[in-house]
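These are the residues of each chain, in order.
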Amino acid sequence: MVGALNLAGAAFLSLLLLAVPSGCTAKTDTPGERVIVNYWEKWAGFEAEAMQSIIDDFNRSQNRIEVRFLTISPIDVKLMLAASGGNPPDLAGLWEYSIPDFAEKGALLPLDDELANAGLGADHYVPVYWELCRHRGFTWALPSTPGCVALFYNKRLFREVGLDPDRPPRTFAEVEAMSRRLTRVELERNGRRVRVSFDELTAAERKSGRYTIVQVGHLPYDAGMFVSAWGFWFGAKYYDGDRRILADDAGNLAAFRWLRDTMTTYGVDQLKDFNASFGQSQTAQSPFLAGKAAMVMQGPWLLNFIEKYSPDLEWGVAPFPAAPGVSDHAPMTLVVSDMLVIPRGAKHPHEAFEFLRYTQRQDVAEKLAILQRKFTALREVSPDFAARNPNPAIGFFTALSRSPGARAVPRLSIWRDYDIEMTVAAMNVRYLIKTPEQALAEVQKRIQWRFDRVRRRWDLVGSERIAEWREDEHW
Amino acid sequence: MSTGEQKHLWTALAFVSPWLVGFAVFTIYPIAASLYYSFCDYDVLSRPLWVGLLNYRDMVTDDVYWKSLSNTLVFSAISLPLGLCFALALALLLNRPVASRGLFRAIFYLPSLVPAVAAGAVWLWILNTRNGLINEALTWLGIHRPPQWLDDPNWTKPGLALVAIWGCGNTVVILLAALQGVPRALLEAATIDGASAWRRLWHVVLPAISPVIYFNFIVGVIGALQTFATVFVMFTNGGPDRSAEFYAVYLYENAFEFRQMGYACAMAWVLFLLTLALTWLASRTTRGFVHYSVD
Numbered sequence: 001m002v003g004a005l006n007l008a009g010a011a012f013l014s015l016l017l018l019a020v021p022s023g024c025t026a027k028t029d030t031p032g033e034r035v036i037v038n039y040w041e042k043w044a045g046f047e048a049e050a051m052q053s054i055i056d057d058f059n060r061s062q063n064r065i066e067v068r069f070l071t072i073s074p075i076d077v078k079l080m081l082a083a084s085g086g087n088p089p090d091l092a093g094l095w096e097y098s099i100p101d102f103a104e105k106g107a108l109l110p111l112d113d114e115l116a117n118a119g120l121g122a123d124h125y126v127p128v129y130w131e132l133c134r135h136r137g138f139t140w141a142l143p144s145t146p147g148c149v150a151l152f153y154n155k156r157l158f159r160e161v162g163l164d165p166d167r168p169p170r171t172f173a174e175v176e177a178m179s180r181r182l183t184r185v186e187l188e189r190n191g192r193r194v195r196v197s198f199d200e201l202t203a204a205e206r207k208s209g210r211y212t213i214v215q216v217g218h219l220p221y222d223a224g225m226f227v228s229a230w231g232f233w234f235g236a237k238y239y240d241g242d243r244r245i246l247a248d249d250a251g252n253l254a255a256f257r258w259l260r261d262t263m264t265t266y267g268v269d270q271l272k273d274f275n276a277s278f279g280q281s282q283t284a285q286s287p288f289l290a291g292k293a294a295m296v297m298q299g300p301w302l303l304n305f306i307e308k309y310s311p312d313l314e315w316g317v318a319p320f321p322a323a324p325g326v327s328d329h330a331p332m333t334l335v336v337s338d339m340l341v342i343p344r345g346a347k348h349p350h351e352a353f354e355f356l357r358y359t360q361r362q363d364v365a366e367k368l369a370i371l372q373r374k375f376t377a378l379r380e381v382s383p384d385f386a387a388r389n390p391n392p393a394i395g396f397f398t399a400l401s402r403s404p405g406a407r408a409v410p411r412l413s414i415w416r417d418y419d420i421e422m423t424v425a426a427m428n429v430r431y432l433i434k435t436p437e438q439a440l441a442e443v444q445k446r447i448q449w450r451f452d453r454v455r456r457r458w459d460l461v462g463s464e465r466i467a468e469w470r471e472d473e474h475w
Numbered sequence: 001m002s003t004g005e006q007k008h009l010w011t012a013l014a015f016v017s018p019w020l021v022g023f024a025v026f027t028i029y030p031i032a033a034s035l036y037y038s039f040c041d042y043d044v045l046s047r048p049l050w051v052g053l054l055n056y057r058d059m060v061t062d063d064v065y066w067k068s069l070s071n072t073l074v075f076s077a078i079s080l081p082l083g084l085c086f087a088l089a090l091a092l093l094l095n096r097p098v099a100s101r102g103l104f105r106a107i108f109y110l111p112s113l114v115p116a117v118a119a120g121a122v123w124l125w126i127l128n129t130r131n132g133l134i135n136e137a138l139t140w141l142g143i144h145r146p147p148q149w150l151d152d153p154n155w156t157k158p159g160l161a162l163v164a165i166w167g168c169g170n171t172v173v174i175l176l177a178a179l180q181g182v183p184r185a186l187l188e189a190a191t192i193d194g195a196s197a198w199r200r201l202w203h204v205v206l207p208a209i210s211p212v213i214y215f216n217f218i219v220g221v222i223g224a225l226q227t228f229a230t231v232f233v234m235f236t237n238g239g240p241d242r243s244a245e246f247y248a249v250y251l252y253e254n255a256f257e258f259r260q261m262g263y264a265c266a267m268a269w270v271l272f273l274l275t276l277a278l279t280w281l282a283s284r285t286t287r288g289f290v291h292y293s294v295d
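Here the protein sequences come in this chain order: A and B. Quick note on our numbering: the first sequence kicks off at 1 and runs consecutively. Quick note on our numbering: the second sequence kicks off at 1 and runs consecutively.
Chain A with its partners taken away, still in its complex shape (with noise of 0.2 angstroms):
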């Protein structure tokens, strides 16, 4: 009796052992009649209450699917490992850089057949931004905030150093000149302590280096996440959008030398000793929320950083102009996009795609827009769309985004790995560890090894990758 109960006992542990895990995935699917969605998103704060508040009303529109919002970080390492574990939500906000990697892997629906039973399609979106949704021939995502970039910069900076406000650099010569003229450096002169701009130095000032440096012009280097698209700017290509990279092509050398140069024209020890004052972009300690660098770039988001870091900021904002030859008539810009996906293996993909479609419906992704300050990727605009959102600058980024010199990364699955190489070859030119030839010879090298793996990969099972969408496509 004893050993029946023993076992009994034994058994019941076994059992309450593996009921643990599974009891993980177990069901929240239907409260009343409503299929629940779940949706992952990156954003948090603000962002993530325009999400919300969109979803509420979602919610409240229909009676028959309920959205359920959960901030994840970091998403695609999350969504990934959901994804292989079989285990995704029904709806994921990723980044446009993600897309080709997540679809090349097997881990998104792709929307076609769906779109072309919404109506959907090209003739909806700014171009260069459909482009982003797309990868292989087929559409995996649709943009909720698309962004791009430009300069910024500040005008009391530009006052009080003779500059016109008003008037913010239109060539790359100006910029280079405005930056040395706003650039503001500290030394002793006839045992006097003196602060005066960086042209004012005599040659035997500059070169003797006994200089600290308490305002900048401009820093390339102080782009945030932007530091690899650089080479834009000068023509760079990247990517031969077949089986070569293109990290040391003319355009990223160019832009590589221009990061020397100005390294080497203010003095490494000296822009080592300001940037140890601060913190990194978009945070309060960065030099241009603190009112000590005059110009930088960065998208339509920062004026959510400004409001909230230095609201007395007097800013503005123009195209940041590409090196001489690259784009003399159209303004250029790097654009990027948050996106929604629907992961492969999500229980509700039918019900997800449904909200999806509702996210794109120009007065639901302007009030989005409007409430994360930042612009939409459809090509239709309301005419009162720029004077309803809080920003003032969204005409000109809406403007901007749409420019014949808007340029996406390229529609690389590896590029993530890229940019890491690019900022890391950077840093090295930045602190004068290597030359810029050096520098993107070892990022070429690198990357070109890794894309020929990935392309190895893709080689064996392409064919079979993609039959696999052609039947993932009548989902």
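These are calculated hints, taken from the structure and not from any lab test. Honestly, I wouldn't trust all of these hints.
What the simulated footprint calls covered on chain B by chain A, stretch by stretch (three residues with Cβ under 8 angstroms from a Cβ of chain A suffice, anywhere in the stretch; the number is not a length) [to be verified]: (1) 38-44; (2) 56-64; (3) 148-158; (4) 248-258.
Built from N, CA and C at the ideal position, the CB exists for glycine as well.
Please build the complex by placing chain B on the supplied structure of chain A, with the hints as guidance.
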């Protein structure tokens, strides 16, 4: 085995089965799977493709791999001996009959309670080139251009070694316990024989606590080779010229950022073999210096 014994065996096995199942599912299976994946092109999301020894061969030509390995070994070579010496010195001081000894012990132990991520965030400011506590002190001492701990590739690893040494409270506590276990009779005998404090330390105390020093050394080797959290927090993309790209960080990047899980698994197995080899080497070379049963 009688029927009764067999029945007891099954009952016993049934009782330990929760652990056995857990061990098999959460330990044995992942280890075996990682060995299999190390021979595959595997990105976690799609099915693994068998590529034989390719991941291991790729490691040989991967410059960043070698850099991460050399960074980790250099860091271990700096931080391990320095950390042990510092911990021993502290333990010896804390073993002295000084006032508020308990308070000092608590103070020196405190840093090891600080989570690695928080420690990394704090040390970013302590090592700041311009306003950091350390460089302020060095400037005050008359050093015109103190080290650029976070920006100069030559100084990143010494900087990280400082962080590691700062958190040596655990080692201090273990050494302190060992010091209190040194037989008083031996020390008294040495004193009567006219041995100086230095000779008592060298010939009595250190041999007596040598097994504990050895234990800390081995644990330190294993820990240093797996250094991750602090470095991960303090340096983005491996720091200047990848001077702070450590093995475990590069392994993580390959697994979760570059989605080369097969390559990461191969790296993990090489790290395991390396740890095994270094531990074996350490035990071989230190065998003559470790004394057991001093009573």
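Cross-check of the supplied hints:
Figure legend: the region 38-44 of chain B, annotated as covered by chain A; annotation consistent (3 residues with Cβ-Cβ distances under 8 angstroms, at least 3 required). With 5 residues having a Cβ less than 8 angstroms from any Cβ of chain A, the region 56-64 of chain B passes the three-residue criterion, so the hint holds. Closer than 8 angstroms: that is the beta-carbon criterion, and the region 148-158 of chain B has 4 residues meeting it against chain A, so the requirement of 3 holds. Counting residues of the region 248-258 of chain B whose CB lies closer than 8 angstroms to any CB of chain A gives 3, so the stated coverage by that chain holds, three being the minimum.
Consistency with the previously given hints is maintained throughout, with no hint failing.
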